[in-house]
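Below, each chain spelled out in residue letters.
Protein chains: 2
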Amino acid sequence: MSEEDKGTEELIFEAAQTVFVQKGFDGTRMEEIARVAGINKSLLHYYYRTKEKLFNAIFKKAFSYFMPKVLSTISSDLSFDEKIKIFTATYVEVLLKNPHIPIFILNELNRNPDNAAQMIGELTGIAQNDTFGKFSALIQEEIDKGNIRSIEPEQLIVNLIGLCIFPFAARPIVQGIVFKNDKKRYNEFLEKRKTEIANFVLQSIKIEK
Amino acid sequence: MSEEDKGTEELIFEAAQTVFVQKGFDGTRMEEIARVAGINKSLLHYYYRTKEKLFNAIFKKAFSYFMPKVLSTISSDLSFDEKIKIFTATYVEVLLKNPHIPIFILNELNRNPDNAAQMIGELTGIAQNDTFGKFSALIQEEIDKGNIRSIEPEQLIVNLIGLCIFPFAARPIVQGIVFKNDKKRYNEFLEKRKTEIANFVLQSIKIEK
DNA sequence: AAAAAATTTAACCAAATGGTTAAAAAATAG
DNA sequence: CTATTTTTTAACCATTTGGTTAAATTTTTT
Numbered sequence: 160m161s162e163e164d165k166g167t168e169e170l171i172f173e174a175a176q177t178v179f180v181q182k183g184f185d186g187t188r189m190e191e192i193a194r195v196a197g198i199n200k201s202l203l204h205y206y207y208r209t210k211e212k213l214f215n216a217i218f219k220k221a222f223s224y225f226m227p228k229v230l231s232t233i234s235s236d237l238s239f240d241e242k243i244k245i246f247t248a249t250y251v252e253v254l255l256k257n258p259h260i261p262i263f264i265l266n267e268l269n270r271n272p273d274n275a276a277q278m279i280g281e282l283t284g285i286a287q288n289d290t291f292g293k294f295s296a297l298i299q300e301e302i303d304k305g306n307i308r309s310i311e312p313e314q315l316i317v318n319l320i321g322l323c324i325f326p327f328a329a330r331p332i333v334q335g336i337v338f339k340n341d342k343k344r345y346n347e348f349l350e351k352r353k354t355e356i357a358n359f360v361l362q363s364i365k366i367e368k
Numbered sequence: 160m161s162e163e164d165k166g167t168e169e170l171i172f173e174a175a176q177t178v179f180v181q182k183g184f185d186g187t188r189m190e191e192i193a194r195v196a197g198i199n200k201s202l203l204h205y206y207y208r209t210k211e212k213l214f215n216a217i218f219k220k221a222f223s224y225f226m227p228k229v230l231s232t233i234s235s236d237l238s239f240d241e242k243i244k245i246f247t248a249t250y251v252e253v254l255l256k257n258p259h260i261p262i263f264i265l266n267e268l269n270r271n272p273d274n275a276a277q278m279i280g281e282l283t284g285i286a287q288n289d290t291f292g293k294f295s296a297l298i299q300e301e302i303d304k305g306n307i308r309s310i311e312p313e314q315l316i317v318n319l320i321g322l323c324i325f326p327f328a329a330r331p332i333v334q335g336i337v338f339k340n341d342k343k344r345y346n347e348f349l350e351k352r353k354t355e356i357a358n359f360v361l362q363s364i365k366i367e368k
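Protein sequences appear in the order of chains A and B. Numbering-wise (the numbering used here), the first sequence opens with residue 160 and increments by one. Numbering-wise (the numbering used here), the second sequence opens with residue 160 and increments by one.
Since the hints were derived computationally from the structure, they do not count as laboratory data. All clues stand as given, with none of them false.
Which copy is meant is left open, so a pair is good if it fits within one copy or across any two.
Below, simulated DSS-like cross-link-like pairs (lysine-lysine); rule was C-alpha separation at most 25 Å, straight line:
1. K339 - K242
2. K343 - K293
3. K293 - K339
4. K256 - K353
5. K219 - K339
6. K220 - K293
7. K351 - K293
8. K182 - K219
9. K342 - K293
10. K220 - K339
11. K228 - K339
12. K353 - K228
13. K365 - K244
14. K353 - K365
15. K256 - K351
Just need the whole structure built from these sequences, with the hints factored in.
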């Protein structure tokens with residue numbers, strides 16, 4: 160394989176990403192991927208033998224955006240407050256750059272949990288490191304130290320992640336119904352979320368006020 | 160049409176709901192709906208002429224679970240705190256009974272926003288009443304009265320709804336990764352959410368502490 | 001320039017799918 | 001009982017789709 164092969168392979172990969180992420184596995188047609196990539200179906204199969212193989216490659220990459228290394232912020236030596244602030248801000252920033260990822264991942268995870276689990280298992284990080292376990296422990300420490308009020312660590316973790324992901328996964332609802340299709344206000348709303356989420360969460364759990 | 164017609168029509172409707180909600184529009188096969196309903200394809204088309212018509216009927220009903228009348232709690236004469244508590248508790252209860260609805264709605268909304276918007280428009284309530292506008296006004300009043308801290312009403316509304324919906328839409332993640340497939344702990348977690356969400360939110364926005 | 005690899009073209013295939021049709025059988029209504 | 005409606009059966013159809021094949025052309029490597 161030459162260097163330019165990566166050019167074509169990458170071209171196909173990006174086209175596949177565009178189509179799969181927008182339309183899901185069932186809604187995606189191989190021909191459309193080829194069309195978007197500006198090549199033909201034969202070449203598509205020449206690089207990725209089956210739809211499944213291509214999809215799985217896309218899924219893995221998409222998942223790395225969905226559960227980004229941002230979670231490693233937890234293992235840094237920042238203060239708890241800073242960790243929350245940086246985690247949420249960075250997470251929202253990542254999602255602002257990949258706004259279609261959440262609904263894609265959530266849907267495919269739901270559609271074919273077994274295959275998805277397999278793909279996630281093949282990724283390094285996330286599942287292996289037990290990042291959430293560490294996060295739980297960190298929260299429990301803060302509670303024990305009296306820095307935050309008592310709360311089940313899992314509830315707090317799901318709140319944090321949910322507050323970041325939800326406005327993206329539910330964009331048509333939030334933009335359409337809450338903001339009556341005013342895209343500008345919806346985008347300003349998302350921008351503010353970068354700091355708003357940490358604010359909201361910390362106000363809820365901090366003890367001194 | 161006789162009375163028993165409704166029996167068969169309802170049978171088909173329920174089978175369609177089961178399949179569509181689990182597999183989405185693209186992933187659903189008409190034959191599977193017929194199989195689940197215990198009838199044959201011909202009879203299916205005899206009642207609902209096309210896949211689209213059947214789907215749209217299902218979508219409308221599902222959406223009424225996704226955005227339930229619970230939102231009318233807002234217009235009641237309860238105290239603000241009570242409104243939040245009852246809204247979140249009832250919403251989580253509704254979703255516990257229809258756990259697959261969120262991801263179904265979010266995905267179909269994303270897949271075909273125009274058709275979804277049309278269907279939502281044909282429903283009474285929700286879109287017409289500007290429930291969210293009223294909710295915003297209510298929140299702003301509470302801020303002006305000094306009962307809760309300053310916050311953009313839309314941020315608070317999205318937080319509330321997101322905290323309710325997210326654990327259902329992201330079940331495979333929450334159950335699989337956070338709770339390592341311990342279904343029992345995941346279900347206990349959801350049960351606690353009925354009160355936990357209001358707790359979390361009120362702690363964040365209440366002024367006296 | 002020769003060999004190897006990449007790309008295109010186009011025809012082709014089998015399976016799946018949404019939908020139709022028509023005739024027979026069963027159930028229901030008048 | 002007769003007429004109507006509902007339901008089944010089964011064959012059928014056109015289209016779509018993922019995938020293959022083979023030959024020709026272009027590009028890259030050596």
